[in-house]
Amino acid sequence: MANDVLVVAEHLAGKLTDTTFELLGKAVQLAGASGGQAVALLLGAPELAGELGAADLVITCDHPALAHFTAEAYEAAVAAVLAERQPRLVLLSTTTAGLDLAGSLSVAWDAPLVSYVVGLDADGDTVVATAQIYGGKMLAEVAVESVRTICAVTAGSFPAAAGRRDNPAAAVEAFAGPPSLDAVRSTFVELVEPDAGDVDITAADLLVSVGRGIGSRDNLELVEELAGALGAPLAASRPVTDLGWLPKTRQVGKSGLKVKPRAYLAFGISGAPEHLEGMSGAELIIACNTDARAPIFDVAHYGTTLDLFDLVPELSQQVGA
Amino acid sequence: MTAVRIVVALKQVPDLVEELEPSPEGTDVDREYITFVLNEFDDQALEEALLVKEATGAEVVVVALEDSDVDQTLYTALAKGADRAVKVTGAGASGGWLDTHSRAALLAAWLEGQDFDLLITGVQAPDDLDGQLPAIVAGRLGLPHASVVVSVEVKDGAARIRQEFSAGRSAVLEVPLPAVVGVQAARQAPRYAPISRIRQTMQAGGIEEVAVEAPPPASGFTIRRLYPPEKTSHAEMLTGSAGDVAARIVELLRAKGLVRA
Ligand SMILES: Cc1cc2nc3c(=O)[nH]c(=O)nc-3n(C[C@H](O)[C@H](O)[C@H](O)COP(=O)(O)OP(=O)(O)OC[C@H]3O[C@@H](n4cnc5c(N)ncnc54)[C@H](O)[C@@H]3O)c2cc1C
Ligand SMILES: Nc1ncnc2c1ncn2[C@@H]1O[C@H](COP(=O)(O)O)[C@@H](O)[C@H]1O
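These protein sequences, in sequence, are chains A and B. Residues 5 to 325, numbered by my numbering, are exactly what the first sequence covers, in order. Residues 74 to 334, numbered by my numbering, are exactly what the second sequence covers, in order.
Okay, chain B solo, but in the shape it has when bound (with noise of 0.2 angstroms):
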C-alpha cells in the first residue's frame, strides 16, 4: 500500500495575549499592530499528524493561506518534519479577516487538485465567525468528517479516531479515508522545533506557491460592527501588596467557612 498523505491547514490568528482594539471602520479589529501567530490547535493537528506519520510512515503535507508571517509558521512544520509547504495565494487569499466560507473555497479548490487521503485541521480558529472551516470543506468535498477529535489512528484505509464529548466523555469513531478531522488537542503536546532546523529550512527555501482562483464571497451576512463585550459586571479589584491581597483572600474565604484556621 502507498503511504497515507496528510494534509494540516495551518492559519494565523491574532495572538489573544495583546490588546484588541475594533478598526476605524467598527467592523474588524484593528490589524495594524497585532502580531499574528499559528493558531494553537493547528499546532495539535500538526502533532497529531506527525505522530500518524512516526507511526505509518504517512506523508504530511501543511498547507496555509497567504496570511501575515505565515511563512515563518510554515517554516517552522517543516522544521518539525513536514515534509512539503504549500502557500495558496490568489485573489482573497490576503489582506484582512476573510470568512470561513470564502477561506474553506480556497482551500477546497486546492484540495480538489491532491491526491489526499486525509485532511487534519484545527478544531476551530478564534476569529472565525460563520462557523468552523473543517466541516465546511468536508461538506463541500462530500467527505467524512469529525470535530473535536483528540487522537487519530490510521490503519488498513480508515482512520479510527476519538471525538471528545462534555464531562470527559468521548466516542470512538471509525471513518474510512479519505476524511476530515479537526484536531482539539494530539495524543502529546506539540514538539518545538530547534531555531537552528528552523533557519535551515528557510535557507533551503522550499515553500511552494500556488495561486487560486477566488471564490465568490460566501459567509452571507454583513457584520455591523465589532466592540468589546460592555461588562455587566467586574470583579472587586484587590490591591496592595502580596501579603495585603493574600490576607483579604483567606479573609474571605474564612467568611464562608472555608479556612479552618
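Just chain A, same shape as in the assembly (with noise of 0.2 angstroms):
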C-alpha cells in the first residue's frame, strides 16, 4: 500500500542470496519510518518464506513458469502485484535477476528507476538515492519525487543481519500468478555449475591476483612465478578470464567467486564495484596499480603506484623463486 516497501527476494539454487537480506533490512528500516510495511515477494520456492521473518508481510507466488528465473515469468508476477498493491519503493539488487527486471519492471509499472544505489532514504514524499556511476569513481545524488520508485541496489550497501530473524513472518499470503505466467515465451533449460577440479581459490589463504593491467597472455608468467614462490593460487579480474587467460574458477567478484583470504595481493586490476564485490572483506589487501586515484586504493590497506613488471620480478626474488 502507499508507504509499503516492497523487496523482491532472489533465490538461487535452493536459497536466498545475501543480498535479499540486505534489501529487506533497509525496506524494515524504511517500511517503519514512515508507518508502511516491508514486504517481501517470494516467487517459486515458497518453502522459503519462513526465512523472510524480518518482513512485515510475505507474499508468495508459484507456478511452474517460476521454478527458476527467467525475465519473462519473474516480471509478469511482479508487475501483477505491484499493480495490485502499489507499494511506494521497489527494492532489487545489481544481481542478473536484478539488472535483468528493473529495467522492464520500470516501463511495465511506469516507475522510476535508480539502479546502482548505495545509499537510500525517504525525505518526505521524495526518496534520495545516491548511486555509483562510472566504475565507482562518481556518486550520484538523486532525488525522485513520485509515488512510485524502483530501486537496484548494489550488493554489500546494507548490512544483511539487519534482514534476518529467526521467527517466521507475522503474515504470508499467496498471490495467485497471473494469467500471463501460462504464456511465459522464455524457457529454463539448464543450470550450469562451475568447473570442479581446478584449485579452489576461495580456501587459499593468500592470493595473487592480476588484472588487465598485465596486459598480455604471455606477461602471466611473471605473476605465475610469484604465486608459485608464495605458493599462492593465482587469481583473477574479470576481463583477465573472459579472454581466456586463466580458467573462469579464478574469476574474483560480483559474477565469479567470493573470496575472503588472509592476504589479497592485486596487481593491474582498478577496483571496479563488481571486482570489489568479491574481495574487499580480505584482511589484508596490498594493491599495485600505476594510477594513483585507482578506487583499489580505497579498500587497499597498503598500496603502491609502482609499475607491476617492476614490483613482480622484485617480489619474486625476494621470496626466492
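Take these hints with a grain of salt, some might be off.
Below 20 angstroms or equal to it, Euclidean Cα-Cα: the simulated SDA-like pairs (lysine to any residue) are [what the hints assert, rightly or not]:
{"#": "1", "chain 1": "A", "residue 1": "K262", "chain 2": "A", "residue 2": "A200"}
{"#": "2", "chain 1": "B", "residue 1": "K304", "chain 2": "A", "residue 2": "D302"}
{"#": "3", "chain 1": "B", "residue 1": "K304", "chain 2": "A", "residue 2": "K262"}
{"#": "4", "chain 1": "A", "residue 1": "K262", "chain 2": "B", "residue 2": "G241"}
{"#": "5", "chain 1": "B", "residue 1": "K304", "chain 2": "A", "residue 2": "G160"}
{"#": "6", "chain 1": "A", "residue 1": "K252", "chain 2": "B", "residue 2": "R235"}
{"#": "7", "chain 1": "B", "residue 1": "K329", "chain 2": "A", "residue 2": "H305"}
{"#": "8", "chain 1": "A", "residue 1": "K264", "chain 2": "B", "residue 2": "A328"}
{"#": "9", "chain 1": "B", "residue 1": "K304", "chain 2": "A", "residue 2": "Y306"}
{"#": "10", "chain 1": "A", "residue 1": "K264", "chain 2": "B", "residue 2": "G241"}
{"#": "11", "chain 1": "B", "residue 1": "K304", "chain 2": "B", "residue 2": "D142"}
{"#": "12", "chain 1": "B", "residue 1": "K304", "chain 2": "A", "residue 2": "G123"}
{"#": "13", "chain 1": "B", "residue 1": "K304", "chain 2": "A", "residue 2": "V196"}
{"#": "14", "chain 1": "B", "residue 1": "K304", "chain 2": "B", "residue 2": "E92"}
{"#": "15", "chain 1": "A", "residue 1": "K264", "chain 2": "B", "residue 2": "A240"}
{"#": "16", "chain 1": "B", "residue 1": "K329", "chain 2": "A", "residue 2": "P277"}
{"#": "17", "chain 1": "A", "residue 1": "K262", "chain 2": "B", "residue 2": "A240"}
{"#": "18", "chain 1": "B", "residue 1": "K304", "chain 2": "A", "residue 2": "M142"}
{"#": "19", "chain 1": "B", "residue 1": "K304", "chain 2": "A", "residue 2": "D295"}
{"#": "20", "chain 1": "B", "residue 1": "K304", "chain 2": "A", "residue 2": "E287"}
{"#": "21", "chain 1": "B", "residue 1": "K304", "chain 2": "A", "residue 2": "P277"}
{"#": "22", "chain 1": "A", "residue 1": "K252", "chain 2": "B", "residue 2": "R242"}
{"#": "23", "chain 1": "A", "residue 1": "K264", "chain 2": "B", "residue 2": "A308"}
{"#": "24", "chain 1": "A", "residue 1": "K264", "chain 2": "B", "residue 2": "R327"}
{"#": "25", "chain 1": "B", "residue 1": "K304", "chain 2": "A", "residue 2": "T309"}
{"#": "26", "chain 1": "A", "residue 1": "K264", "chain 2": "B", "residue 2": "S306"}
{"#": "27", "chain 1": "A", "residue 1": "K264", "chain 2": "B", "residue 2": "Q187"}
{"#": "28", "chain 1": "A", "residue 1": "K252", "chain 2": "B", "residue 2": "G241"}
{"#": "29", "chain 1": "B", "residue 1": "K329", "chain 2": "A", "residue 2": "G285"}
{"#": "30", "chain 1": "B", "residue 1": "K304", "chain 2": "A", "residue 2": "L143"}
{"#": "31", "chain 1": "A", "residue 1": "K19", "chain 2": "A", "residue 2": "V196"}
{"#": "32", "chain 1": "B", "residue 1": "K304", "chain 2": "A", "residue 2": "S161"}
{"#": "33", "chain 1": "B", "residue 1": "K304", "chain 2": "A", "residue 2": "E145"}
{"#": "34", "chain 1": "B", "residue 1": "K329", "chain 2": "A", "residue 2": "A200"}
Over 12 angstroms on every C-beta distance to chain A, these chain B residues come out as not near it, computed from the model [said to hold, decoys possible]:
{"#": "35", "residue": "G130"}
{"#": "36", "residue": "E132"}
{"#": "37", "residue": "D140"}
{"#": "38", "residue": "F189"}
{"#": "39", "residue": "S239"}
{"#": "40", "residue": "A266"}
These aren't lab readings, by the way, just hints derived from the structure by calculation. Virtual Cβ for every residue (Gly too), placed ideally from N, Cα, C.
Build the complex from these two chains, which are given one at a time in their own frames, with help from the hints.
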C-alpha cells in the first residue's frame, strides 16, 4: 500500500541470496519510518518463506513458470503484484536477475528507476538515492519525486544482518499467478555449475590476483612465478578470464567467486565495484596500480603506484623464486 | 528461411582511465576534456553478433545514437564485419548526459520501424543511472529479454542463450525471436579491425543517418549533485624503489605467517 516497501526476494539453487536480506533490512527501516509495511515478494520456492521473518508480510507466488528465473516470468508476476499493491518503493539488487528485471518493471509499472544505489533515504515524499556511476569513480545524489520508485541496490550496501530474523513473518499471503504466466515465451533449459577440479581460490589463505594491467597472456608468466614462489594460487579480475588467459574458476567478483583470504595481492586491477564485491572482505589487501586514483586503493590497506612489471620480479626474487 | 537480422546497439562512454571531474554545475562530469570510447561490453556484444553471423549467415546492423566520436566506432564495426551502420540523430540524441529511458525511447522509436530478430546490446554502460537499456527497450517493445549473457546461438527461430549468475553459475535459456539480449562477454575476445580496413570503410562512407522524433524526458528524477566518493579509508602508500616496496610487502606477509622463509 501507499507507504509499503517491497523487496523482490532472490534465490538460486534453493537458497535465498545475501542481497535479499540486505534489501529486507533496509526495507524494514524505511517502512518503519513512514508507517508502511516491509513486504517480501517470493516467487517460486514458497518453502523459503519462513526465512523472511524480518518482513511484515511475505507474499508468495508459485507457478511452474517461476521454478527458475526468467526475466519474463518474474516480470509478469512482479508487475501483477505491484499493480495490485502499489507500494511506495520497490527494492531489487544489481544482480543478474535485478539488472534484468529493473528496467522492464520500470516500463511496465511506469516508475522511475535508480540503479547502482549505495545509499537510500526517504525524505518526506521524496526518495533520495545515492548511486554509483562511472565504475565507482563518482556518486550521484538523485531525488525522485514520484508516488512509486524502483531502486536496484549494489550488493553489500546495507547490512544483511538487519534483514535476518529467526521467527517467521507476521503474515504470509499467497498471490495467484497472473494468466500471463501461462504464456511465458522464455524457457529455462538447465543450470550449469562451475567446473570443479581446478584449485579452489575461496579456500586459499593468500591470493595473487591479476587484472587487465598485465597486458598480455605472455606476461602472465611473471605473476605465475610469484604465485609459485609464495605457494599461492593465481586469481584474476573478469577481463583476464573473459580473454581466456585464466580459467573462470579463478575469477573474483560479482559474477565470479567471493574470497576472504588472509591476504590478497592485486596487480593491475582497477577496483571496479563488481570486483570489490568479491574481495573487499580480505584481511589484508595490498594493491599495485600505476594509477594513484584507482578505486582499488580505497579498499586496500597498503598500496603502491609502482609499475607491476618492476615490482613483481623484485617480489619473486625476494621470496626466493 | 530468410537470414536472421541482428541489431547491435553501440554506445560511446567516457574513457574511465582518465580523470573525471564534476562539471561546474555539479550534476554531470565535465565533458570538455574527456575522451570517448566504445563501451567495452558493446564490443563484446558486437563480437557475439559477428559469431552468430559466421555461424548462420545473419545480417548484422549496428546502431548508435549520435554521440562524441561515434562515427569512428561505427566505421570500425563495419570494418569488423557489420553489414550496415545506422546513426540515429534528432533532438536529445546528442550533447550531454542523456538518461537511459530517453535513449531507450529513441532507439525503440527507430527499432519499431525495423524488421529485426535480435537486438544485442552491452550488459550496461558505466554512465547509466536509471537502469540498463536492454530491459527497458524490451519492456517498451514487449519482447522477451535476458541480460548478463555470455553466449547467444540462433537456431530455428529461437535463441539459446547462457545467462550468468554469481559464483560462476549460469543458466541456459531458450527464447523465441524476436528478443533482446544484453551481453556481458562474447564467447571469444573481441576481434580487431586492421586500420587499413577501417580507412577503407571510412572512404566508402556508408553510415546511414536517421532522424528520430525526440521522446519526452523520461528518467523521472533529478540529479542533485555528482561528486567523487569521499574516501572513508585509503591505502597506506608504500614508496621507494621496487626493492624497498617489495621488502615491505614481504615483511607484511611474513607478519601474517604467509611467507615461509
Ligand atoms: C554484471 C557484471 C558482472 C561483473 N562481474 C565481475 C567479476 O566477477 N569480477 C571482476 O573482476 N569484474 C567483473 N565485472 C567487470 C568490472 O566491471 C570491470 O570491468 C573489471 O573488474 C575490470 O577489471 P580490471 O580491473 O582488471 O581492468 P581495468 O579496469 O582495465 O583496470 C586495469 C588497471 O591496471 C592498471 N595498470 C595498467 N598497467 C599497469 C602496470 N603496468 N602496473 C600496474 N598497474 C597497471 C591500470 O591503471 C588500471 O587501473 C563485471 C561487470 C558486470 C557488468
Ligand atoms: N546511446 C546509445 N546508442 C546505442 N546503444 C546504446 C545507447 N545507450 C545504451 N546503449 C546500449 O545499451 C547498453 C546498456 O547501456 P546502459 O543502458 O547505458 O547501461 C549499452 O551497452 C549499449 O549496447
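Against the structure, the hints come out as follows:
no.	hint	verdict
1	A:K262 / A:A200	holds (16 angstroms)
2	B:K304 / A:D302	holds (7 angstroms)
3	B:K304 / A:K262	violated (23 angstroms)
4	A:K262 / B:G241	holds (10 angstroms)
5	B:K304 / A:G160	holds (17 angstroms)
6	A:K252 / B:R235	holds (15 angstroms)
7	B:K329 / A:H305	holds (14 angstroms)
8	A:K264 / B:A328	holds (18 angstroms)
9	B:K304 / A:Y306	holds (15 angstroms)
10	A:K264 / B:G241	holds (17 angstroms)
11	B:K304 / B:D142	violated (33 angstroms)
12	B:K304 / A:G123	holds (15 angstroms)
13	B:K304 / A:V196	violated (39 angstroms)
14	B:K304 / B:E92	holds (16 angstroms)
15	A:K264 / B:A240	holds (14 angstroms)
16	B:K329 / A:P277	violated (27 angstroms)
17	A:K262 / B:A240	holds (7 angstroms)
18	B:K304 / A:M142	holds (11 angstroms)
19	B:K304 / A:D295	holds (16 angstroms)
20	B:K304 / A:E287	holds (19 angstroms)
21	B:K304 / A:P277	holds (14 angstroms)
22	A:K252 / B:R242	holds (10 angstroms)
23	A:K264 / B:A308	holds (18 angstroms)
24	A:K264 / B:R327	holds (18 angstroms)
25	B:K304 / A:T309	holds (18 angstroms)
26	A:K264 / B:S306	holds (19 angstroms)
27	A:K264 / B:Q187	violated (49 angstroms)
28	A:K252 / B:G241	holds (7 angstroms)
29	B:K329 / A:G285	holds (16 angstroms)
30	B:K304 / A:L143	holds (12 angstroms)
31	A:K19 / A:V196	holds (16 angstroms)
32	B:K304 / A:S161	holds (15 angstroms)
33	B:K304 / A:E145	holds (16 angstroms)
34	B:K329 / A:A200	violated (29 angstroms)
35	G130	holds (24 angstroms)
36	E132	holds (23 angstroms)
37	D140	holds (16 angstroms)
38	F189	holds (17 angstroms)
39	S239	violated (6 angstroms)
40	A266	holds (18 angstroms)
In this structure, the hints that do not hold are numbers 3, 11, 13, 16, 27, 34 and 39, in rising order.
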